[in-house]
Amino acid sequence: MTSENPQPATEPDLDEAPGWVVRDPDGRVVASGPVSVALPASGAGDTPSEGDE
Amino acid sequence: MAAIDQAMVSKMLNQTTPTGTSGAPGSFGTALAGSAMKVRLNSTASSASAAGTELTGTGYTAGGQSVPAASTASSSGSSVTVPASSALSWTNGSGGAWSIVSWDLTDSAGVRTWYANFNGQPVSVANGNTFQIAVGGITISLS
Chain A
1 MTSENPQPAT EPDLDEAPGW VVRDPDGRVV ASGPVSVALP ASGAGDTPSE
51 GDE
Chain B
1001 MAAIDQAMVS KMLNQTTPTG TSGAPGSFGT ALAGSAMKVR LNSTASSASA
1051 AGTELTGTGY TAGGQSVPAA STASSSGSSV TVPASSALSW TNGSGGAWSI
1101 VSWDLTDSAG VRTWYANFNG QPVSVANGNT FQIAVGGITI SLS
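Chain order of the listed sequences is A and B.
Just so we're aligned: the first sequence equals residues 1 to 53 in our numbering.
Just so we're aligned: the second sequence equals residues 1001 to 1143 in our numbering.
If you are wondering where the hints come from, they were derived from the structure by calculation, not from laboratory data.
Fair warning: there could be bad hints in the mix.
Stretch by stretch, here's where chain A covers chain B in the computed footprint (C-beta under 8 Å, at least three residues) [stated by the list, open to error]:
(1) 1112-1123
(2) 1130-1139
Here are the simulated distance ranges between beta carbons [what the hints assert, rightly or not]:
(3) A:27 - B:1020: 50 to 58 Å
(4) B:1119 - A:25: 20 to 28 Å
(5) B:1013 - A:26: 47 to 55 Å
(6) A:28 - B:1013: 44 to 52 Å
(7) A:28 - B:1032: 32 to 40 Å
(8) B:1043 - A:28: 19 to 27 Å
(9) A:30 - B:1085: 18 to 26 Å
(10) A:34 - B:1009: 23 to 31 Å
(11) A:30 - B:1022: 55 to 63 Å
For each residue, glycine too, the CB sits at the ideal point set by N, CA and C.
My request is simple: use the sequences and hints to build the entire structure.
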């Protein structure tokens, strides 16, 4: 019985890759990393808790 | 780290607080443009008050690249991810290396809304190489 051989994984699928990727002209990933998650301005939305004063 | 343009912060605050006439909600001011928003890339850091210095050279169009499709809208306070459906991609043909530090999300007219620096910046992209922001690579959240 034979079975199909899966293709070797050469690089991550872009959907599963980190946020940014640098590829060479052959499409190989040469660098990658996450993108900063945007956060609200520091302190925005903070409300004093009981006992803060 | 602040990640909303400070002018946009004021728009959001004014629209959602009693800063209008007789304590009504205030005005957002000029609405954002109705066409696809853009992601621009910069060689210096962006801040709350200003975008970084935009990339230049063959392979990069001033103003940035339009997002390919609508992102899934926030619901119950969930985050919004960008880009939807396909990666944003820039191939450096400038003749020299790009040094990418930050990004800005703007409307189609260049009005800035959100920004951040890339983790691992500066990201060096040699001439001939391609820089991509993956599908959902940017997460925007208010919680």
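Inset, instruction - Just pull the numbers of the violated hints for me, sorted ascending. - result: none
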